[in-house]
Amino acid sequence: MTSPFDTEWDAIVIGAGMGGGTLGRALAEAGQKVLFVEKGAEGLRSERNGLTEVFVPEARAARGLWPDPLHVSLDGVETQFFAPLGSGPGGSSVFYAATLERPERHDLDDLPGQPHPTGGWPVGYDAMAPWYDRAARQFRVHGTPDPLSPEAPMPLGMPPPLHQAEAALTDSLRAAGLHPYRTHTGIANIEGCENCLGRKCPKVCKMDGRSAGVEPALATGNAQLASGLAVTRLLSDGTRITGAEVRADGETRQLRGKRYILAAGALHSPRLLLASTSEAAPKGLANSSGLVGCNLMLHVDERFALWPKRGVPDSGATKAISFRDFYHREDMRLGAVQAMGIRASYGEMVHFLNRMFDLRGQPRLRTLSRPLAAVAKTLLGHAHLFVGLMEDFPYAHNRVLYDPATPEKLAVTYTLSDELRARRRAFRKALRKGLRGHRHLFLSMTPELNWGHPCGTLKFGHDPAHSVTRADGRAHDLENLWVADASFMPTSMGVNPSLTIAANALRVASHILEDQR
Amino acid sequence: MTRITPEDGIAIVTGAGSGLGRALARQLCDAGFTVVGTGRRAEALEETGALCAGRFQPMPMDVSDFAAVERGFAEGIARHGALALLVNNAAVYPKRDVFDETPELFWQSMAINLGGVYACSWAALQDMGPRGAGRILNVSSYADIAPLPASAAYSVSKGAQRVLTRALIADLFDRFPDIVITDWLPGALATDMGIPDGLPPETAAQWGVKLALMRDQSLNGTIFERDMELLPPRGLKAKLKDALMMRRPRPRRL
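Protein chains in written order, with my numbering: chain P, 1 to 517; chain W, 1001 to 1254.
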């Protein structure tokens, strides 16, 4: 293998996660010379770990996790915790539960009766649909169509049969007038599949940025992975990126390519641009709009426990069921509801309570977590955990921070808006009403932000004054800089972002290939 | 519970030239395994081989020579196949009063009893890590609890070895739950290192082999004494909870 520093690459992909892996694969398959630059270690393919609260940065890095905590100023309260962020080939997606849901038309388009918060994405639903189809095939998504959707379904593989408790739960949700369907999941049904939700798996059934992105890219022979290498700064001559500065073995060196693709994730990609200041670009690169890092969106997780009807045999946790009955209600953008694939276990409850206390700036209450969890576990017993993912709207003041004095410190500031609180109340009310007849319990007192779903910090758009990249994914300000991670999203939608990241990465890759010609 | 079989790969037993190591090697060979046996004395390994029905591969080596360990393990694995089982058995017990135990001599024993276990485990993990599976049995002792006189290096190294087991598990268990590491205390044996009226090493080896071939994930970090699991000490709160719940933790028996 040649040194990555001796080659002029067709494309340097910064970050080898869901977006970077998918885009890099598409380019490599088209014959481009692709370099993935990945801060995280490559690790061993045999690893099976999930997320961990271990605070030793070296131990976190060895497990493919972001080594340092995320510092959050939430409504002015300073707190820090380990966000569910991966760092290594596949990025966070190697830990995900492979939920690959397509958004609704109103998530992207401005519709009569369903006005879009930003007036609509620069690429509309119909233009995106073929890319969703392609991503669904590449990630081998299985499931059943949402019965409420008027759209043509994506190509969906046959899901594995429901077990008894899942079938009973589906029936009783249906009897309550809801419209459950089989969650759209990117897991190929291969023999011995371990259903490795929430952790890494040595097998290749879970389709993520590694197994469906980086690895097939490397298999083409056109791509190379430089792991354990962090890009610290991009260099520019004012119209183009001329190099990517990295620290390698204590030395500062440069990688060179024709195109540079930012795919470090919505928390890190903007930070790299903000770190790349110069006299010509005092606000950082690609930042003439001043919006780099702004409009950070997460989802609000509305978790609840749902008990199956009496007499239903217990056959384990389910991840298989989703419904979109409350996706858009009473002129409000709410979101999809899905089974989380976990039981209300003691460990889960402790983790959840700890996080809740931390986020409220009351880490001392952590001492209560264990006794509370013990009580909760007894109460919740055989309940299934569900989560409603409620859309978060873009506000420029919610943003990723970068301080040159502490360049390593990953920090954001976020304020919960009144509008968000009102929608959350409406979401809970709608859920409560819709689940009538089912014993259920909401599990959060305050809005729980989903720190695994950050997006929006380099939004795409037609107007250079109000967006960072063009509709095709290229920066307004720099002709060879592209964005292919969740940063591009102008709104956060009411579903998990993974499929949208993948679909958009495929779309951006096709624009890069067109540009090449 | 599934067991390790010769189809899973070979076994390496350190200190296979005498005593317990020889008995373990012999019984593993009898169970059909190809056993690579290390030891400092080539003749002693030949004698072990003569007892082992052709499946024994002698590998003369000093486990405190870390470069030799790395090379030897790599060669043994390349020649004989994947490493399914490592038994860290090699140890020395020089009985010296503190005035005779120079820092150099002390460190030599540490290098064998502790350094050797780390070096061999590390070399084994080069093969077990990528496969995500393997078994390591550390022959262990409680010599550290109440050190005998004239036993400084042995007590310290053996105590540290059990800490090493826990440290390895902290690094490995969540990532590689199928690499299973267990400490085993065979008790006082009638060997050169042991006591005249101790247990015959062949008897202890039967337990050792049985334990070594068990690969249940739940064995990670457990300690067995002779043929019985030693449960971790339980605090007052845990004991009270056990009493209230009317349950009693039961040790496993080989």
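Honestly, the hints are just simulated from the structure, not real lab data.
Check the hints yourself; a few may be wrong.
[Unchecked claim] Covered by chain P, per the in silico footprint, the following chain W stretches (three or more residues, Cβ under 8 Å): (1) 1112-1124; (2) 1193-1204.
[As the list claims (entries may be wrong)] Derived DSS-like pairs: lysine-lysine, alpha-carbon spacing no greater than 27 Å straight-line: (3) P:Lys377 to W:Lys1095; (4) P:Lys377 to W:Lys1210; (5) P:Lys409 to P:Lys377; (6) P:Lys309 to P:Lys33; (7) P:Lys309 to P:Lys409; (8) W:Lys1241 to P:Lys377; (9) P:Lys433 to P:Lys377.
Here a beta-carbon is modelled for each residue, glycine too, at the ideal position from N, C-alpha and C.
Is the listed coverage of the segment 1193-1204 of chain W by chain P valid when you require three or more residues with a beta carbon under 8 Å from a beta carbon of that chain? This one is violated; 0 residues, fewer than the three required, reach chain P with a Cβ under 8 Å.
Can the restraint linking P:Lys433 and P:Lys377 be considered satisfied, given a maximum Cα separation of 27 Å? Holds, because 25 Å separates the two Cα atoms, which is no more than 27 Å.
Restraint check for W:Lys1241 with P:Lys377, where alpha carbons must lie at most 27 Å apart: Status holds; Cα separation ~16 Å.
Pairwise hint evaluation, P:Lys33 against P:Lys309, where the allowed Cα distance is 27 Å at most: 56 Å, violated
Are there at least three residues in the segment 1112-1124 of chain W whose beta carbon sits under 8 Å from a beta carbon of chain P? Violated, because only 0 residues of the segment 1112-1124 of chain W bring their Cβ atoms closer than 8 Å to Cβ atoms of chain P.
Has the given pair, P:Lys377 with W:Lys1210, been kept, meaning a C-alpha gap of at most 27 Å? 38 Å, violated
Holds or violated: P:Lys409 to P:Lys377, with C-alpha atoms at most 27 Å apart: 36 Å, violated
With the threshold set at 27 Å, check whether the alpha-carbon distance from P:Lys309 to P:Lys409 stays at or below it. Between P:Lys309 and P:Lys409 the Cα gap is close to 48 Å, so the pair fails against 27 Å, i.e. violated.
CA of P:Lys377 to CA of W:Lys1095, is that 27 Å or under? 55 Å, violated
Consistency with the previously given hints fails for numbers 1, 2, 3, 4, 5, 6, 7, ordered from lowest to highest.
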